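Colleague: Here the protein sequences line up with chains A and B, keeping their order.
Take the position in the first sequence, starting the count at 1, then add 371; the result is the number in our numbering.
Take the position in the second sequence, starting the count at 1, then add 371; the result is the number in our numbering.
Quick caveat, the hints were computed from the structure, so don't treat them as lab data.
Owing to the predicted nature of the structure, the values given are computational and were not obtained by experimental measurement.
Any given hint could be a false lead.
Put simply, identical chains are the same to the list, so a pair is met inside one copy or across any two.
[Claimed, not checked] With a cut-off of at most 25 Å between alpha-carbon atoms, the simulated SDA-like pairs for lysine to any residue come out as follows: (1) Lys475 - Gly523; (2) Lys600 - Gly442; (3) Lys637 - Glu681; (4) Lys637 - Phe656; (5) Lys521 - Glu492; (6) Lys756 - Asn629; (7) Lys756 - Pro657; (8) Lys456 - Asp720.
Number of protein chains: 2
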Amino acid sequence: MFFGTLGTLLRQGWARCNLAAMNATLTSRRRFLKAATLATAGAPWINRFASAAQADDPNRKLGFALCGLGGLSGGQIAPALSKTKNCRLAGIVTGHPDKAEKWKAQFNIPDKNIYNYENMEKMSDNPDIDVVYVVTPNALHAELTIKAAKAGKHVLCEKPMEVSVEKCQQMIDACKAANRLLAIGYRSRFDPATQECIQLAQQKVFGASKMIEAGFGFHIGDPNQWRLKRDLAGGGALMDVGIYALQATRYLSGEEPNIVTALETKTDPVKFKEVDESVTWQLKFPSDIIANCSTTYAFGGINSYTVFAERGAFGLNPAYGYEGNRGFRTDGRRIEYPPMDQFAAEMDDFAQCILKNKPSIVSGEEGLRDIRIITAIYESIRTGKAITLA
Amino acid sequence: MFFGTLGTLLRQGWARCNLAAMNATLTSRRRFLKAATLATAGAPWINRFASAAQADDPNRKLGFALCGLGGLSGGQIAPALSKTKNCRLAGIVTGHPDKAEKWKAQFNIPDKNIYNYENMEKMSDNPDIDVVYVVTPNALHAELTIKAAKAGKHVLCEKPMEVSVEKCQQMIDACKAANRLLAIGYRSRFDPATQECIQLAQQKVFGASKMIEAGFGFHIGDPNQWRLKRDLAGGGALMDVGIYALQATRYLSGEEPNIVTALETKTDPVKFKEVDESVTWQLKFPSDIIANCSTTYAFGGINSYTVFAERGAFGLNPAYGYEGNRGFRTDGRRIEYPPMDQFAAEMDDFAQCILKNKPSIVSGEEGLRDIRIITAIYESIRTGKAITLA
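Work out the full structure: start from the sequences and follow the hints.
Modeller: Given below as structure tokens:
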């Protein structure tokens, strides 16, 4: 029912209210986020994945092993790989033999490129695999990233990078020691709508930025999913989707915040016993930009950012979708681009970084910065104090 | 330039961005807020103000004395009086003899109904005047309210009620001692668009409310105006326009917040040397509703609220204008009403309270609650701590 009203409401002039996200019948985040994109999964690319990696060819397709075969890998990343220029689905890492069988058949993956979490070190003698893309629950990211790096593979790791600053640092250290690149799956950075907003802010098209409002949330379904378990997720809405809004305030301001305050609320303390349900937080940046942010697992319709500047404003709504992000500028121009695949762009960018041996703009250090701020947000909630960041 | 794009942008689906407010050429808040309404000031009502008050007639027109003849009195309140059923402009109180002359001529006010701040006590023997409407700078509200109450007059006082909890309490006490009614000029409560939102929240049409986002700000012009002087204003954007967003979170939740956190930023420390420029604050309510609010004197385009509830959302944008407030509901209905005058409705409501001897919904106690929370917001900014409200 809410899906049907999205277009109407957007025409009516209402933002911070992506009504697609408000569909109370949605039972899983992935089902919401993947939306229409799934329809592209027709597997016409299977045969293109057969050839082995060729060293030293700047145009070669790097072999990706997907580590963790949940909804994101199947619904988004595998289809996206088929749209890349420099990547191919070469292997998988999974703890589920049944999933291994299914993927092997669907994507024509040779047995030698199929791993589980215990035998990943054997990848070191497999030239088919250049990159491990870690797509597991958050609290496994460090362990699997470190294993992949020790096996000599570059690592692309989904956001949030990990559940603590310490574990993020271990990931950075392991990749550095192995002389491998590490990047975090911040796909929004490759969305042209977001890139236009970053440019508008950097070039001060509407003058200096003064305030940023950003929020991302959705109504989470299944109460038994790993996202609601502290051991696996490390946190709730803030770790999972609030991080998009947090990232936005950082890439839009181009700065690192130095003060954080936050409040949490739980309207369903049973369902959200282990992790945060709804959080609002505020950030102050060195140039005196202030940001006001929200995230939630309790309701949808919140998926936007707005930058208020001296002589105008601009922003996106929706801002963090897999596709269809679009926005406004107060000079009357629309921010709107043809459909593209953020995951494909993210993977191709990482492939270029590897082929040209340059760090990613969404490096491990970048991922760690968000986790450091998220940690400060939780500390502010716990202590009731504004937290000063070093 | 921004005025021209408002309609376009609203159609394009962008909220929290009342672009009328973004016009960088605006030099005064009053010029912005009064906007089109001024055009109605043609004075066809002058002669209707001639008759004296008649005691004990439930349909009689109560005589209002406007105390403080700035832009709001001339641009909004005097024209609004002509649209009321039970009020009439009977007198004035001003410290400026030239303004007295001008108003006397324009509104046909008899000399005996013209006062200054020093001789207000003489009102006690003037039956023409039933109500004093205090429209001065904030820090004069208590003194003038108390003088009016002591002269036996009911008092309608502009928001913010005063600059401290103590002074608000003195106003309440003085009116109580004089057995006179006191109300605060929270005109929004009489806007049917706001009333619909309150009803949607109270009746849980979209389920229980979970989060409220509210913001109101504008680019303030003249750096020498009283609003930027601490002695007269008591505070900056928060006291002046942030209070609308704060009020909204209270009337929409129907609760009093028990925790407050806040951050302030000053991008222009010279202009905003004495008062706050931009503030974000967060409120937590007893039923676990959380609110995320913003206010500013540094930029425009922020004039809205959104209530996120279990099964949908609703809100207004613009939300706090003198007219033209309109909104959305996720059931697809528009919130939109024919033009009306909030000031006229507010004054007629107060007149009915007086004639029927019942307290106003925007009583002095209501005004004090906002000042208590504003005080806590400033305390949170000062101390860097979440403030628990009693």
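Colleague: So, for every hint listed, does it hold in this structure?
Modeller: Verification of the supplied hints:
1. Lys475 - Gly523: Close inside one copy (23 Å), not across copies (89 Å); limit 25 Å.
2. Lys600 - Gly442: Within one copy, since 18 Å is at most 25 Å while 58 Å is not.
3. Lys637 - Glu681: The answer is between: 13 Å across copies meets 25 Å, while 36 Å in one copy does not.
4. Lys637 - Phe656: Answer is between: at 11 Å across copies they meet the 25 Å cutoff, but 28 Å inside does not.
5. Lys521 - Glu492: Answer is within: at 7 Å inside a copy they meet the 25 Å cutoff, but 87 Å across does not.
6. Lys756 - Asn629: Result: close both inside a copy and across copies, 14 Å intra and 16 Å inter.
7. Lys756 - Pro657: The answer is both: 19 Å in one copy and 20 Å across copies each meet 25 Å.
8. Lys456 - Asp720: within (10 Å within a copy, 69 Å between copies)
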